Structures are given as structure tokens and as C-alpha cells.
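Undergrad: The chain contents come next:
Number of protein chains: 2
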Amino acid sequence: METKKSWAIGVDIGGTTIKCALISEHGDVKGVRRSPTEANLGREKMLNNIKNAINEVLVENELRLHDIEGIGFGTPGLIVDGVLEGNPNLPAWNGTPIAAEMKARFDVPCFVANDVTIATFAEFIYGAGKGAKNLVMFAVGTGIGGGLVINGQLFEGSNGMAGEIGHVTVVPDGRVCGCGQKGCLEAYSSTLAINAMTREYLTSMRGKSSKIYEAVGGDLSKVTPRIVYDCAKEGDEVGLAVNETVCTYLAVAIGGLINTLNPDTIILGGGVMEAGEIIIGNIKKKLPLYSHFMMRERCRLVPALLGENAGVTGCGALVFRNLGRI
Amino acid sequence: METKKSWAIGVDIGGTTIKCALISEHGDVKGVRRSPTEANLGREKMLNNIKNAINEVLVENELRLHDIEGIGFGTPGLIVDGVLEGNPNLPAWNGTPIAAEMKARFDVPCFVANDVTIATFAEFIYGAGKGAKNLVMFAVGTGIGGGLVINGQLFEGSNGMAGEIGHVTVVPDGRVCGCGQKGCLEAYSSTLAINAMTREYLTSMRGKSSKIYEAVGGDLSKVTPRIVYDCAKEGDEVGLAVNETVCTYLAVAIGGLINTLNPDTIILGGGVMEAGEIIIGNIKKKLPLYSHFMMRERCRLVPALLGENAGVTGCGALVFRNLGRI
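Read top to bottom, the protein sequences are chains A and B.
Using this note's numbering, you'd call the opening residue of the first sequence number 5 and step up by one each time.
Using this note's numbering, you'd call the opening residue of the second sequence number 5 and step up by one each time.
The set of hints was computed from the structure by calculation and includes no laboratory data.
Don't take every hint at face value.
Because identical chains share one entry, a pair is satisfied inside a single copy or across any pair of copies.
To be verified - Only pairs whose alpha carbons sit at most 27 Å apart, straight line, appear in this in silico BS3-like list of lysine-lysine:
{"hint": "1", "residue 1": "Lys186", "residue 2": "Lys288"}
{"hint": "2", "residue 1": "Lys290", "residue 2": "Lys215"}
{"hint": "3", "residue 1": "Lys34", "residue 2": "Lys107"}
{"hint": "4", "residue 1": "Lys288", "residue 2": "Lys134"}
{"hint": "5", "residue 1": "Lys290", "residue 2": "Lys186"}
{"hint": "6", "residue 1": "Lys55", "residue 2": "Lys107"}
{"hint": "7", "residue 1": "Lys137", "residue 2": "Lys288"}
{"hint": "8", "residue 1": "Lys107", "residue 2": "Lys290"}
{"hint": "9", "residue 1": "Lys290", "residue 2": "Lys134"}
{"hint": "10", "residue 1": "Lys55", "residue 2": "Lys288"}
{"hint": "11", "residue 1": "Lys49", "residue 2": "Lys237"}
{"hint": "12", "residue 1": "Lys237", "residue 2": "Lys34"}
{"hint": "13", "residue 1": "Lys107", "residue 2": "Lys288"}
{"hint": "14", "residue 1": "Lys186", "residue 2": "Lys107"}
{"hint": "15", "residue 1": "Lys215", "residue 2": "Lys186"}
Quick caveat, the model's predicted, so the values are computed rather than measured.
Kindly produce the complete structure, drawing on both the sequences and the hints.
TA: What follows is the structure, given as C-alpha cells:
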């Protein structure tokens, strides 16, 4: 480390785990530390756990508070004008002005954004979106989140809530989504949707001819995207049928964004995308049905690069960007 | 006129008419002049007609070229990196670098953008979108075009093509669109779609109980959105059914944009929107099915204000904005 002043702290706050690390201006990640969120013990306990996590990263790396540039936080849920809202998995966390709370505890610059927004920013600065002018990232996991970079700047909308692409309607009056609405992208292409659709297929065919049924030993509660995609790659018909649905509606949503925003880059990340080419290749095949060729030909569709460190890396990048350093 | 140097020329190039006028920094419109485009006579003739139109506006207003700040052009089609492309109605016009061609003829600053982008900019600077930070305009006419303002700036995407919201898929594998794809918004909510759907209804019911059938004297080629909406307002069932479809898919598209961009303003303009509240009110009723309440509640849905002068006004505004005057 050339000078001590080259680090920020990134804090990725998940439903079960707080991940905390030192991040350099160049995206280096150092001293990753995981500790329990303990969201069930209430807001004060959570804030205290975050404070302790930050302090321990400082101690373990022999740094003092004045050695760091600032702290960036990423959290699930909508950040509405700086205050966390609408997070069904962390009810105790709703209403928390997290940057302000942490600034009061640490007195260094503190910044907060939605976790997918943060991961998008990390991919933009250090990963698959490097050099992009306009990009959209899809994080396809348990749910589906999105992030946008517009004209080279992280775009959060008029109230900090942009990027809820998991709840864009792809089938009017379609499958019921966890959000209570119908036909959302998340109801067709997320982990939860993949598991649910696979179970429906297996139940309707009594599971007799699917490798997936064998792979879970007949216990449908054990279905996961990994199992579904491993079987699809071996030619399993249920797996392939589920993938058709997953890719069709991702292509509808991606095509709509291409036509609307004329972006140069679309990044696909999140756990489901670990299946790789069987998804991305299929989406590329379907995109001509849902997008204008002149914009599609000028937009690259690429997998995310940063993997599980995208969160903390983006939290650090948020600090450096807000301080005008990158 | 206080000083002669306070005007730009706006040129709205349509498929049949060139509309040309003086525009002040404050959006005043003066000396509107219409002349034929004569697109069928080829590119050079069109460029010459545009040149003559500009010269005549100057002469009629006793101005010389050096009295104006610049000239702004709006045209249908995609402007790809400054060159007009993909305009099926003006084939002779494709491939024209219009701003460069006009700069060569007039030697004043020349700027060009898509006509809906231009109208959006006019509404943003002088009309229904005044003061907005992030807005999307839908121009619902023969086709459906769109324009975006992001972070207070006209947004044209990575190649100048953003805003093709008429071809966002709202029904996968749905009605065939004029663009050759299926299920585009334009196939459900444009003038062409309204006319086609109304004819289908009337044909399938043999037209016996619809006021629309009477209004066109049994000649289905005479169906227009005005007739359909006049009848719908009198309770005609066919008119109301068509409006349901028009509004449902506009709500799907608008809801998707609200969830994606978290804009503060959506503007609805274009000929179809002259029907007024029967459309906007119905869309507002449907939007909760297709958008997140926290973003929907923070986004106003308003009719366009500038009417038929939006085009030339926006062309002038484009000049003043590019010169850093507004």
C-alpha cells in the first residue's frame, strides 16, 4: 500500500450476512470479513453489528478511521431520498437513513445505494461494463434486480428507485409474482420462478421421465436452478422447457430496454446466470423478436465479471465516485 | 424584438410538409411557414426545398443569416450518429447527414434530432414537462414514438436512437406490427391499431349495434380514432372495448418505464391523445397493475401542452441548448 489514504470501506448488507472489506480506488479488495446481520434482533442491533464489522476491518488492517476516504453501503430494498424503504425481507431495516446513521457513528463521508445499483456500478467501473456509456445490468437471482448507468453516470431515477426491472410486466395478466402483481419478469426468470415452474412441470408429468426428478430423489422441495440447468445441459426436456421460458421473458425485457434506451451494453449477472451460455446464447437468439435491429446490433450482451465481490467493490467505488476521485 | 440575435430557426420536416418558423429563447413562435416536402422527388429536391423554406422565413421577417443563432431540424426516423436512417416513409432521405448538409449551405450552427425527441424537448423546456428531472414522452399518433429527458438533459442513447417505445413488446407473440414484429405497443395503441381493431370488431359483429358503423355510413375505411372516441364517449361498446385495449397496453408500457427509470413525469401527446380524459383517466386506473406504487405515486402522468407547434419550438430549443443559451 503506497499511501494509507487510498482505501474506502465497502459494506454489503445482506439479509443474513454483512460483508465488509477495504477497497482501493483501482478496485482491489482486501481484508474481506463476514459477520451475521441478525436482522431479526432489530434495527439498533443491526446498526451495531455493522459498526463492529467496520471497526474490526480497520483493526485487522492496522488502519485508523482517518486513514480511510469514506464508507459505502449497499443494501437490498429501495433507497428513497436516502432512506431505506420497501424491503420485505428486512422489516426492521425499513425507514433507516443508513448513511446519516453511520456518519453519526464514524464521522467520515458515508454513502448508500441499493445493492444491485452498487453491483452495477462496480461492473461499470471495474468489470464487464468498463468503458460503457449507457448500460443496464440484470441481477438474476432469488428475485431480479436491475441497475443503470446513463451517460457514464450511475442513474437512480428521480427518487433513487430506478432499476426495478424484475417487476416490469412481460405478460399482461400472467403468472402471479411475489410482489402481488401478475406477469412480472421475476415471475418467469428468477430462481423462485425456475423452481416453481420446474415443480409444476414435474408434477403435471408425474416426474417420470425427467432427470431433474431423479436428481432431487423425488423431493421437489430440493429443486434448484443449478440442478435444473445441469439437467438441461444433458438434454432433459423439463430443464430445456424451463430455460425456454426463462430466456423468452428475459429477451422481452432486454429487448424493451434496448428499444427504449439504445444502450451500448447489457450485463447479465446473479446466481442464475452461472448456467452461462445456455441462457445468454438463447437470449441472443430470441432478441431479434423483441428489439430493433439497428439498436440491437450496437448493443453487446455480456456476463457479469466481478462475481461475489461486486457488492463490496461497488460500495467502495461509490465512495470514490462521490468524492470525485474516479 | 429587442435584439435581432434572439432567434433561431426551427425546421420540422414531415413526410408531406416542411414547417419552418422563428423561435425565441423563451419559446415564442413567429412567422410559421408551411411548404411541401416533395420527398418523392429525391434527396436533392428535399434539401433544396428546406433551404428555400429557411430563406423565405428570413426574408419574410426581414432578417439576414447572421441575425439568427442557428437552425434546428426535426425529422422522422432514427438519427444514427448524426445520419438519418431507418425511415420507411422517406426512403430518399435515408443516409442524409442533414445538419452537415445544411451547415454547408448556411454556415450557421445546425443541429438535428428525431421529431419525437424534439417534441419531447419542447415540452420539457416550455410545456408540460417544465421543471422535470426525468421524463418520458409518448407521442401516440399514426405510430407511437417516444422521447426521454434524463437528469435534465435530452437523452438520445448511445447512438442517438433512444425512445423507440412504440416497438417495446407488450404482448409476446401478440398482434402483428407494421415493423414486422409481434406484440409491439404500436400494434395496440396507435391510430393504425385503433382503426384496425375497430374494423375487426365491427366485422365480427357485422356492425349492427355500433354507433361507429353508423358514423362511417357503413364504410369501414372511414374509421378514425376521432370517430371511435366520439362514439366511446357516448357509451358505444365497440369504442369502449377498443379504448380498453389501447389503455391496457399503454399502461403496461408506462408501468414498465416507471419501474425501470423512476421518472417524475410521463407526458402523453400525439393525435390520439386529443380524446383526453377517457384515455388518461383509464390509464391511471390501470397503472397499479403494472407499476410499483412507491414510484407510481411519485410520477405525474400529464397531457402534452404545446400541440402542433411542439416540433418547430423544439427545433429552436435544440439550437439554444446546444449553444448553451438555455
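Undergrad: Indicate, hint by hint, whether the structure satisfies it.
TA: Taking the hints in turn, this is what the structure says about them:
no. : hint             : verdict
1   : Lys186 to Lys288 : both (26 Å within a copy, 17 Å between copies)
2   : Lys290 to Lys215 : within (26 Å within a copy, 42 Å between copies)
3   : Lys34 to Lys107  : within (22 Å within a copy, 55 Å between copies)
4   : Lys288 to Lys134 : within (21 Å within a copy, 39 Å between copies)
5   : Lys290 to Lys186 : both (23 Å within a copy, 13 Å between copies)
6   : Lys55 to Lys107  : within (11 Å within a copy, 61 Å between copies)
7   : Lys137 to Lys288 : within (21 Å within a copy, 33 Å between copies)
8   : Lys107 to Lys290 : neither (47 Å within a copy, 42 Å between copies)
9   : Lys290 to Lys134 : within (26 Å within a copy, 39 Å between copies)
10  : Lys55 to Lys288  : neither (44 Å within a copy, 44 Å between copies)
11  : Lys49 to Lys237  : neither (45 Å within a copy, 59 Å between copies)
12  : Lys237 to Lys34  : neither (36 Å within a copy, 66 Å between copies)
13  : Lys107 to Lys288 : neither (45 Å within a copy, 40 Å between copies)
14  : Lys186 to Lys107 : neither (40 Å within a copy, 52 Å between copies)
15  : Lys215 to Lys186 : neither (30 Å within a copy, 35 Å between copies)
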